[in-house]
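Asks: These protein sequence lines map, in sequence, to chains G and B. The first sequence begins at 1 in our numbering and counts up one residue at a time. The second sequence begins at 1 in our numbering and counts up one residue at a time.
These are computed hints drawn from the structure, not numbers from a lab. Owing to the predicted nature of the structure, the values given are computational and were not obtained by experimental measurement. From the three backbone atoms N, C-alpha and C, an ideal C-beta is built for every residue, glycine too. Heads up, some of the hints might be wrong.
Which residues of chain G face chain B? A partial, calculated answer using Cβ under 7 angstroms [unchecked claim]:
(1) 129
(2) 140
(3) 141
(4) 259
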Amino acid sequence: MSDVRTIRVAAMTRVEGEAALGIRLRNGQIEEVQLNIYESPRLFEALLRGRALEDVPDITARICGICPVAYQMSSAHALEAALGVQVTGELRRLRRLLYCGEWIESHALHVHLLHVPDFLGYDSSLALAKDHPDLVNRGLRLKKHGNQLLDVLGGRAVHPINVAVGGFYRIPRREELATLVPDFEWGLEAAVEATRWVAGFDFPRFERPYDFVAVSHPDEYAMCEGRIRASDGLALDAAQFEQHFRERQVPHSTALQAVRLDTGRTYFLGPLSRMNLNREQLLPTARRLADEVRLEHPCRNPFKSIIARSIEIVQAYEEALSILKDYRPVKVARMKYQYRKAVGAAATEAPRGLLYHRYGVDENGLVTVANIVPPTSQNQSQIEDDLLHYLPAVVAQPDEQVAQACERLVRSYDPCISCSAHFLKVTMERGS
Amino acid sequence: MSARSLLVGIGSPHGDDRVGWVIARRVAELAGESLVVRCARTPVELLDWLEGIDTLDVCDALLSEAAAGSVYCWPWPARQIDRASFSGSHDLALPAVLALAERLGRLPPRVRIWGVGIESGGTLQSLSSGAAAAIPTVANRIFRVLLHA
Numbered sequence: 001m002s003d004v005r006t007i008r009v010a011a012m013t014r015v016e017g018e019a020a021l022g023i024r025l026r027n028g029q030i031e032e033v034q035l036n037i038y039e040s041p042r043l044f045e046a047l048l049r050g051r052a053l054e055d056v057p058d059i060t061a062r063i064c065g066i067c068p069v070a071y072q073m074s075s076a077h078a079l080e081a082a083l084g085v086q087v088t089g090e091l092r093r094l095r096r097l098l099y100c101g102e103w104i105e106s107h108a109l110h111v112h113l114l115h116v117p118d119f120l121g122y123d124s125s126l127a128l129a130k131d132h133p134d135l136v137n138r139g140l141r142l143k144k145h146g147n148q149l150l151d152v153l154g155g156r157a158v159h160p161i162n163v164a165v166g167g168f169y170r171i172p173r174r175e176e177l178a179t180l181v182p183d184f185e186w187g188l189e190a191a192v193e194a195t196r197w198v199a200g201f202d203f204p205r206f207e208r209p210y211d212f213v214a215v216s217h218p219d220e221y222a223m224c225e226g227r228i229r230a231s232d233g234l235a236l237d238a239a240q241f242e243q244h245f246r247e248r249q250v251p252h253s254t255a256l257q258a259v260r261l262d263t264g265r266t267y268f269l270g271p272l273s274r275m276n277l278n279r280e281q282l283l284p285t286a287r288r289l290a291d292e293v294r295l296e297h298p299c300r301n302p303f304k305s306i307i308a309r310s311i312e313i314v315q316a317y318e319e320a321l322s323i324l325k326d327y328r329p330v331k332v333a334r335m336k337y338q339y340r341k342a343v344g345a346a347a348t349e350a351p352r353g354l355l356y357h358r359y360g361v362d363e364n365g366l367v368t369v370a371n372i373v374p375p376t377s378q379n380q381s382q383i384e385d386d387l388l389h390y391l392p393a394v395v396a397q398p399d400e401q402v403a404q405a406c407e408r409l410v411r412s413y414d415p416c417i418s419c420s421a422h423f424l425k426v427t428m429e430r431g432s
Numbered sequence: 001m002s003a004r005s006l007l008v009g010i011g012s013p014h015g016d017d018r019v020g021w022v023i024a025r026r027v028a029e030l031a032g033e034s035l036v037v038r039c040a041r042t043p044v045e046l047l048d049w050l051e052g053i054d055t056l057d058v059c060d061a062l063l064s065e066a067a068a069g070s071v072y073c074w075p076w077p078a079r080q081i082d083r084a085s086f087s088g089s090h091d092l093a094l095p096a097v098l099a100l101a102e103r104l105g106r107l108p109p110r111v112r113i114w115g116v117g118i119e120s121g122g123t124l125q126s127l128s129s130g131a132a133a134a135i136p137t138v139a140n141r142i143f144r145v146l147l148h149a
């Protein structure tokens, strides 16, 4: 006779999107862990086919309210690759500036309102705000700065509309950006203090031999451009992504999962991957801070993603400030291009990790093929694998505490479930 | 109408989810410059607009069993708001944002929530006939309440 124990998180909170987590144990042994994303498929790729390629950045931005810039950037760069367009100079810097805005607003939201409660023993940001209103206000102010940048440069604070294939539709005036400087100077100092604060949290002892993957660039902390690198030495162009990574359908999720083709293994995306692969490219303040708070290099503890994420807020403020202070508007807002039949791919670094897009276009400028691989769907099987290895340390606890521990691990990935295909529900079965 | 009144419409360009925006803009036309009206995509945007405000009205789409165009008005706090299914994102849905604003000392002394019943917030859909037909009536009702506040 077998003894089956089932733990189910019926509604995981503090994640973006809706999913369930099911855990089944038989005779005390973990039998199955499933991250069950049950949102309806979004079908954006099918929606894009037959549309003018100029529509793509605005449509893909609607995939996510938290990371719309990532979708705009990956789509714009993939289409530019197809058209043979290179965005350089001040236009390129403005794109990085826009991405800085998204990293700030997304990371500040996750660190201060969604993730910090896990480390201070609160069940929500609301409970945290009761005892620590200054901490929550600081997070909200940082988030606001990111949204301000999206507003000025992207046309609006959520779902920006100013990114065009080849550049932008409108170039901001110098004074529009210069007025942000005092707020961003305050923000840089506040982000440094916040990083020192989170680095002092107690972290669960849990490390794995992860295969970290991120876009990497020799001259800058990669956001929009670079080669895809893995911690085992793999290096490839974005156009080769589908030759090395494979999406697969699993019965329990409407999001595709991903593994490496050569090893068949899961891989890890996000701030911790970027920090491990690109730490040398951090700007001086962020690099010194990473050393000061003694973030291991490489760091293999997913719970410490909150430190990496906080350092990236500093990095984003530091870079944004340098652009805001010496910005010189250019006369041409976007590069010209000719329609041609071609395929282009690009990978950029969304707040949650590598976001890959590939498009085919025809000689009339219409999209013939679209493929979008979001970071959360790639991380999904890594999360399940993590839970399998983390559960033995916590499974003796009552179901409620096991569920909380698992949710905490999942939140370390800052999953954007609505992007991947939305809520997390944990079911745990214990049996013999 | 209070000199420091703010009306916020919450919504998106999709289907009936836009009713908060459309109604807020209609009230703005009726009220002229005497009322500050803003449109938000996510409730958390509210937190940046509350300084110096003493009366806040929020208009949002409401998924319920009631017919599209049905209108509900609740003072904050109200138990019905916790149970209502407003559009918005998870922990930062409208009730959570208002509770957070209250905890942070940012919430104005007078807050009203206007929930407008909708049929669908589907991507790329237009307003349903039920929601569209209700907009002038709801806007007039909100305007009259603000006028006498």
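Asks: Hint by hint, say whether it matches the structure.
Replies: Each hint, compared with the structure:
For residue 129(G), the interface hint holds, since its Cβ comes within 7 angstroms of a Cβ in chain B; the closest pair sits about 4 angstroms apart. The beta carbon of residue 140(G) comes within 6 angstroms of a beta carbon in chain B, closer than 7 angstroms, and the hint placing it at the interface holds. For the restraint placing residue 141(G) at the interface with chain B, the shortest Cβ-Cβ distance is roughly 9 angstroms, beyond the 7 angstroms limit, so the hint is violated. For the restraint placing residue 259(G) at the interface with chain B, the shortest Cβ-Cβ distance is roughly 28 angstroms, beyond the 7 angstroms limit, so the hint is violated.
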